[in-house]
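Numbering (our numbering), first residue to last: 348 to 575.
Please keep in mind that the hints were generated in silico from the structure rather than gathered at the bench. Keep in mind it's a predicted model, so treat the numbers as computed, not measured.
Each pair of labels, with its calculated beta carbon distance range:
1. I400 / I516: 24 to 32 Å
2. S521 / I411: 28 to 36 Å
3. P502 / P455: 42 to 50 Å
4. F407 / L565: 35 to 43 Å
5. T460 / L415: 16 to 24 Å
Ideal placement from N, C-alpha and C gives every residue a C-beta, glycine not left out.
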Amino acid sequence: MKKTIALAVIGSLAGLSATTQAQDYSLSTDFTFVSQYVFRGQELADNTLQPSIEFSMDNFYAGIWAALPIENRSSGGWGDEIDFYAGFEVPIDETLSVDIGATYYYYPTDSNTFEIYAGITADLEGFTPSAYLFYDFDLKVWTLEGSIGHSIPLPELGASLDLSASVGIVEPNSGSGYLYWGVDVTTPYQINENAMLNFGVHYATHDRSRAFANKNHLWWSASVTIGF
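All chains, please: the whole structure from these sequences, using the hints.
Below is the structure:
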């Protein structure tokens, strides 16, 4: 799961329901289809359904996210993935917030892993830079990722044009690591106060020379998000 994308969805949902905001908690569900499932620069599967559900209250959030490939091309054969995550996102001031949490990656046909993360995000006049550090205790891998996003309102269409770019480095405790980077262009369209459509085009690559021959990945996504 891409933590940065998950947080972007949370942000998009913030204004969907006035009732939800007044109660200081929210429940949202998302149904996404991607033509490729790419994680940290590497393609894991083709044509994948990615449903999720998330609960948040005050600074706490918890959710379940899944990747359910319809077909795949990964060298080892890729199966289903179900991620359970929880964390706290705490504002420091009007522009900065800190996010700390953990993700349990469950694979029905493979070994499971547990990862913790900590990050900081800023809101600087329409730009949202962030930096996250991850550590997987089972894979014994560190990941450092930085990203920046910017949203261009399209009020005449009832939508926006959201642009983001990210770069990261993966470093195992033993063995060689790699760099990855990518860009995303999405267009969230608010159907009503509780529902949103989102269409996107994405590109990612990496500099890993072994195991993954195809380094350049271009794919599209479509999703519907409902907030309660």
